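Q: Sequence:
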Amino acid sequence: MVIKIMLALYIAMEAEAQGILDALDAQLLPQQPIIGTYYQAGDILIATSGKDLATGVDCVGTEPAGIVANDLIVHHGVTQLFNAGTCGAHSSLEAQIAEAFLVSPTIFSHDHRIPLPRFEEFGMGAHPMPEVVPPLAKKLGLRTAILSSGNSLDHTERDLEIFLANGARIKDMEGSALAWVCRQHDIPLTCLKVVTDIFDLPHPAAEQFNANLAQAAESVTAVTLRTLQEWGLFDN
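Under this note's numbering, the residues of the sequence shown are numbered 1 to 236, in order.
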């Protein structure tokens, strides 16, 4: 039997999701997809990208994110997707570690380069976020920022050029895929991103990520629950 859910939360990594799963007393669904791990908390479906069978690590990146998002919409009737997770921030944003941002007005890709007519536009993305995001950010006391996605935790000089040219100030590894899938299905996507690293500093982003993930994950949980409370979906 297919469970019909209106809202789904997508969190790529289990470490980012665990606090939310605990707070909502989410239960593992008895039937699981091949890609992704699904939980249910009342009327909310919660999905992570699951673990890679070959390496055992979290399935981060655009490919699993896109597959999971499409499955949530097509097979579970999701009509609204909320993505919560971590991100890197550019130093010009002057962000603090564990600071939360709502993504607006746009999500781009910085490593999907296709220098052909119209394909370049397709690769870049420029996916618009819902107009309700800035008012929501104001209610929650959060800043907004343009997000850019790529499949590498680090970045090349060309990545950074495209990132800055598009006005992006935070980057992740899933947002553009989620935005593309939601755009094909014409359903709204809201993205909450919490800073783990200042990626253009000399200190390697991977080392910053490892050092700050636990602190950032606590912020992911807290702000996600505040958002659900604002939407009337969580009563603390």
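Just so you know, the hints here were simulated from the structure itself, not pulled from any lab data.
Hints are not guaranteed to be accurate.
Pairwise CB distance ranges (calculated) [claimed, not checked]:
#, residue 1, residue 2, range
1, Gln18, Leu53, 28 to 34 Å
2, Ala126, Trp231, 24 to 30 Å
3, Ala23, Glu121, 38 to 44 Å
4, Gln215, Gln31, 31 to 37 Å
5, Glu157, Pro105, 22 to 28 Å
All of these numbers come straight from a predicted model, not from anything done at the bench.
Every residue, glycine too, gets a C-beta built ideally from N, C-alpha and C.
Q: Could you run down the list of hints and mark each one as holding or not?
A: Against the structure, the hints come out as follows:
1. Separation of Gln18 from Leu53 is about 21 Å and departs from the stated range, judged on CB atoms against 28 to 34 Å.
2. Distance hint check for Ala126 and Trp231: the Cβ-Cβ separation is about 27 Å, which falls inside the suggested range of 24 to 30 Å.
3. In this structure the supplied range 38 to 44 Å holds for Ala23 paired with Glu121, their Cβ-Cβ distance being about 40 Å.
4. As the Cβ distance of Gln215 to Gln31 is approximately 35 Å, the hint placing it in 31 to 37 Å holds.
5. Taken as a hint, the range 22 to 28 Å holds for the pair Glu157 and Pro105, whose Cβ atoms sit roughly 26 Å apart.
In the structure shown, a violation is registered for the earlier hint numbered 1 alone.
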